[in-house]
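These protein sequence lines are chains U and A, in that order.
The numbering used here applies: residue 272 is where the first sequence begins, and numbers increase by one.
The numbering used here applies: residue 72 is where the second sequence begins, and numbers increase by one.
Rather than coming from a laboratory, the hints here were simulated on the basis of the structure.
Don't be surprised by glycine CBs; every beta carbon is placed ideally from N, CA and C.
Be aware that a few hints might be false.
What follows is a list of derived Cβ distance ranges for each label pair [what the hints assert, rightly or not]: (1) U:ARG344 <-> A:ALA467: 34 to 40 Å; (2) U:GLY346 <-> A:ARG113: 46 to 52 Å; (3) A:GLY341 <-> U:GLY346: 52 to 58 Å; (4) A:ARG355 <-> U:GLU358: 54 to 60 Å; (5) U:VAL461 <-> A:GLN106: 26 to 32 Å; (6) A:LEU297 <-> U:ALA387: 56 to 62 Å; (7) A:ALA467 <-> U:ASP432: 53 to 59 Å; (8) A:MET72 <-> U:ALA457: 54 to 60 Å; (9) U:PRO518 <-> A:ARG346: 33 to 39 Å; (10) U:ASP432 <-> A:ALA116: 22 to 28 Å; (11) A:ARG74 <-> U:ALA300: 34 to 40 Å; (12) A:ARG143 <-> U:ARG350: 53 to 59 Å.
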Amino acid sequence: MTRIQQTFSQLKAQGRKALIPYITAGDPAPQHTLALMHALVAAGADILELGVPFSDPMADGPVIQKACERALRHGTSLRDVLQMVAEFRQTNTDTPVVLMGYLNPIEAMGYAAFAAQAASAGVDGVLVVDLPPEEGDELVPLLKSHQLDVVFLMAPTTQDDRAQKIIAAGSGYLYYVSLKGVTGSATLDVGAVSARVAQIAAMTDMPIAVGFGVRDGQTAAALARVSDGVIVGSALVSQIAELADRPVEIAPRLTQVLSEMRQAMDQRA
Amino acid sequence: MSRYADLLNLPDARGHFGPYGGRFVSETLSYALEQLDEQYTRLSACPDFQAEFDRDLARYVGRPSPLYHAERWSKRLGGAQIWLKREDLNHTGAHKVNNTVGQALLAKYSGKPRVIAETGAGQHGVATATVAARLGLKCQVYMGAEDVQRQAPNVYRMKLLGAEVIPVESGSRTLKDAMNEALRDWVTNVDDTFYIIGTVAGPHPYPKLVRDFNSVTGREARQQCLDSFGRLPDALIACVGGGSNAMGLFYPFLTDDEVAMYGVEAGGDGLETGRHAAPLNAGRPGVLHGNRTYLMEDEAGQILETHSISAGLDYPGVGPEHAYLKDIGRVQYKVATDAQVMQAFEDLCRIEGIIPALESSHALAYASQLAVTMTPDQHLVVNLSGRGDKDIMTVARLQGISL
Chain U
272 MTRIQQTFSQ
282 LKAQGRKALI
292 PYITAGDPAP
302 QHTLALMHAL
312 VAAGADILEL
322 GVPFSDPMAD
332 GPVIQKACER
342 ALRHGTSLRD
352 VLQMVAEFRQ
362 TNTDTPVVLM
372 GYLNPIEAMG
382 YAAFAAQAAS
392 AGVDGVLVVD
402 LPPEEGDELV
412 PLLKSHQLDV
422 VFLMAPTTQD
432 DRAQKIIAAG
442 SGYLYYVSLK
452 GVTGSATLDV
462 GAVSARVAQI
472 AAMTDMPIAV
482 GFGVRDGQTA
492 AALARVSDGV
502 IVGSALVSQI
512 AELADRPVEI
522 APRLTQVLSE
532 MRQAMDQRA
Chain A
72 MSRYADLLNL
82 PDARGHFGPY
92 GGRFVSETLS
102 YALEQLDEQY
112 TRLSACPDFQ
122 AEFDRDLARY
132 VGRPSPLYHA
142 ERWSKRLGGA
152 QIWLKREDLN
162 HTGAHKVNNT
172 VGQALLAKYS
182 GKPRVIAETG
192 AGQHGVATAT
202 VAARLGLKCQ
212 VYMGAEDVQR
222 QAPNVYRMKL
232 LGAEVIPVES
242 GSRTLKDAMN
252 EALRDWVTNV
262 DDTFYIIGTV
272 AGPHPYPKLV
282 RDFNSVTGRE
292 ARQQCLDSFG
302 RLPDALIACV
312 GGGSNAMGLF
322 YPFLTDDEVA
332 MYGVEAGGDG
342 LETGRHAAPL
352 NAGRPGVLHG
362 NRTYLMEDEA
372 GQILETHSIS
382 AGLDYPGVGP
392 EHAYLKDIGR
402 VQYKVATDAQ
412 VMQAFEDLCR
422 IEGIIPALES
432 SHALAYASQL
442 AVTMTPDQHL
452 VVNLSGRGDK
462 DIMTVARLQG
472 ISL
C-alpha cells in the first residue's frame with residue numbers, strides 16, 4: 272500500500288475526509304517552504320500538494336501565476352523542489368507529498384532521472400496538469416515503476432468514456448476539478464459537483480478529492496460531505512502573497528486558515 | 072515517388088508529427104478538443120463546407136493572391152529570380168485571414184456565439200475581429216501589453232471592428248502570455264466560446280487545421296509557378312514564428328523533392344547574444360501550449376523571453392510540424408538578424424515599391440542571401456506574408472524619426 276492509499280484508508284476508518292493544501296514551492300522564497308510544509312501538517316493537512324513553479328502556468332489563475340513568478344525570481348527549480356521534499360522526509364515520514372506542476376520542467380530534467388529522484392526524495396505522487404492519460408505512455412509507467420502514484424485531473428467536461436480511461440491510468444486519488452475555469456476561480460456549484468462526484472465514485476474505488484475554488488470552511492465542509500477529500504490552493508497562496516514581505520507571519524496565517532477548514536470538515540463530516 | 076510521401080499523412084490520429092505535436096492540455100479542454108477534431112474531420116470532407124470556404128476566400132479575402140516577379144530586385148542581386156507570393160494583398164493585409172475565415176466557419180457551424188484569439192503583431196487579432204464582425208460573433212482578443220504598445224494601429228483596427236482587446240500584463244507581456252491567457256479564458260468559457268488560434272501551434276487539431284486553411288497559399292503558388300515559368304521553383308522561403316505562413320506555403324510542395332525549402336527564424340540581435348526568437352536554431356524540444364516542439368527554455372525547463380524586431384515572431388515555440396520537418400531535414404531553418412531584416416525591408420520599399428511586414432522581411436533577408444548563390448535561370452518563391460503598414464512606427468523609431 273502506498274502512503275497515499277494508507278492515508279485515505281485510515282481517514283475512512285475514522286470517518287473523516289482528507290484535507291489537502293497546495294502551496295507553490297519556493298514561494299515567497301525557497302528557504303520558507305520546508306517550514307510551511309510542516310506548519311500545514313500541524314494545522315491538519317492529511318496530504319500536501321507542492322506546486323513546482325513554471326513560467327507559463329496555463330491552467331492557473333492569477334494567484335498561482337504570481338506565486339510561480341515569486342518562486343522563479345529565486346530560481347526555484349524542480350531539483351530544488353525535490354531537495355525540499357527530501358528535507359521534509361527527514362522529520363515527517365507519514366504525510367504524503369504530491370508534486371503538482373507542468374510537464375516541461377520534467378521533460379527538461381529527463382523522465383527517468385525525475386522518476387528515480389522523486390522516489391528517492393520521498394515524493395508519493397505526481398500530478399502533471401498538462402499531461403492527459405493519452406500523452407502519458409512513457410512517463411506514467413516510469414513513475415509507477417518507482418511506486419509513485421500518478422494523480423489525474425477529471426473535469427466537469429469529462430465524459431464517461433474518458434473518465435474510464437483516466438481511472439484506468441490514475442492511482443492514489445482522482446482530482447476532480449470543481450468548475451470550468453482556472454485555479455482560484457470564483458463560483459463553485461456544490462450541487463453540480465456532488466452529482467458528478469457521485470457518478471464518478473460509482474465507476475471506481477479510488478478516492479476522489481475536489482479542488483479549484485475552495486475558499487472557506489463552509490465550502491470545504493460541503494465538498495467533504497460529497498467526496499473523499501478537499502484541495503485548497505489559491506485561498507492559501509493569496510495569504511502568502513499578502514505576507515510575502517513579512518514571511519514570519521505566513522505560517523501562523525496559513526495555520527489559521529487551514530485549521531478553520533479542518534474544523535468545519537470534521538464537524539460536519 | 073517522393074521520399075517524403077509519408078509527410079502527407081501527418082499528423083497521426085492523435086496529432087503527432089513524429090515525436091512532436093500532441094495534445095498536452097488540462098483535462099477541462101480535452102472534450103472541447105475532441106469535439107473540434109471530430110467536427111473538423113467531418114466538415115473538411117464535406118464539399119459544401121469546402122465550397123463555402125473557397126467562396127469566402129475568393130470574394131471576401133480577394134484570392135488568389137498574385138505571384139509577383141520582383142524583377143528589379145532580382146537583377147540588382149544578380150542571382151536567382153525572386154517571386155513574391157503576395158499574401159500582403161489579402162483583405163486585412165496578411166496571410167492570417169486565410170485561417171480565420173476557415174476557423175470562423177467552424178465556429179459558425181458549431182453554433183458558438185463568442186470567439187477569442189491571441190495575437191502578437193496584431194495581424195491575427197485583426198483577422199479574427201474582421202471575420203467575427205462579418206458573422207456577428209462576439210470577439211475578445213488577448214494581446215501582450217508590450218505588443219499593445221508596439222502595434223497601436225492594429226489595436227485600434229480591432230476596436231473599430233467591434234472587438235475588445237485585452238492587454239495581458241503577466242510574464243513577458245508578449246505573444247506567449249497572450250496565448251496563456253486565451254487558454255485560461257477558453258477553459259472558463261468552453262461551452263459558448265470558440266478559440267481561434269492564430270498559428271500552427273497549440274494542441275491537436277489546431278496545428279493541422281491551421282495548416283490546412285493556410286495551404287491555399289502553397290496550392291496557388293504551385294500552379295502560378297507552372298503558369299509563370301513552366302516548372303516548379305528551386306526553393307521556397309518563408310519566415311517562421313509559430314510558422315503558419317510557412318506551413319501554408321510549404322505543405323503543397325512537401326512531396327516535390329526537387330523544391331528546397333527554407334524557414335527563417337527571428338535572429339534578433341544574433342544567436343550568439345541569446346536575444347532572439349529562434350527555437351529551431353537554438354532551442355530544444357519541450358512542451359508548451361499543448362504541444363511538444365522546439366522551445367526556447369533554460370536548463371530547468373522554464374520558458375525564456377524572446378527578442379525580435381517583429382512582434383509576430385516574438386514567440387518561444389514553433390509549430391510541431393516544423394520541428395519534425397527540421398529533424399528529418401525536409402526544411403532548412405535559418406535566421407535573419409534585426410539588422411539584416413531592416414536592410415531587406417528598405418530594399419523592398421525602394422526597389423519594388425512594396426512595404427513588407429517586418430515578419431516577412433525575415434524571409435526577404437534570407438532570400439537576398441540565397442539568391443546571390445544561385446543563377447539567373449533559377450527561381451525562388453518568397454512568401455510575402457504581410458504588408459508593413461502596421462510597422463511604420465517601429466521602423467521610424469529605429470531610424471530616429473518621430474511621426
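Each hint tested on the structure:
| no. | hint | verdict |
| --- | --- | --- |
| 1 | U:ARG344 <-> A:ALA467: 34 to 40 Å | 35 Å, holds |
| 2 | U:GLY346 <-> A:ARG113: 46 to 52 Å | 48 Å, holds |
| 3 | A:GLY341 <-> U:GLY346: 52 to 58 Å | 26 Å, violated |
| 4 | A:ARG355 <-> U:GLU358: 54 to 60 Å | 31 Å, violated |
| 5 | U:VAL461 <-> A:GLN106: 26 to 32 Å | 27 Å, holds |
| 6 | A:LEU297 <-> U:ALA387: 56 to 62 Å | 57 Å, holds |
| 7 | A:ALA467 <-> U:ASP432: 53 to 59 Å | 57 Å, holds |
| 8 | A:MET72 <-> U:ALA457: 54 to 60 Å | 58 Å, holds |
| 9 | U:PRO518 <-> A:ARG346: 33 to 39 Å | 34 Å, holds |
| 10 | U:ASP432 <-> A:ALA116: 22 to 28 Å | 24 Å, holds |
| 11 | A:ARG74 <-> U:ALA300: 34 to 40 Å | 55 Å, violated |
| 12 | A:ARG143 <-> U:ARG350: 53 to 59 Å | 57 Å, holds |
Hints 3, 4, 11 from the list above are not met by this structure, while the remaining hints are.
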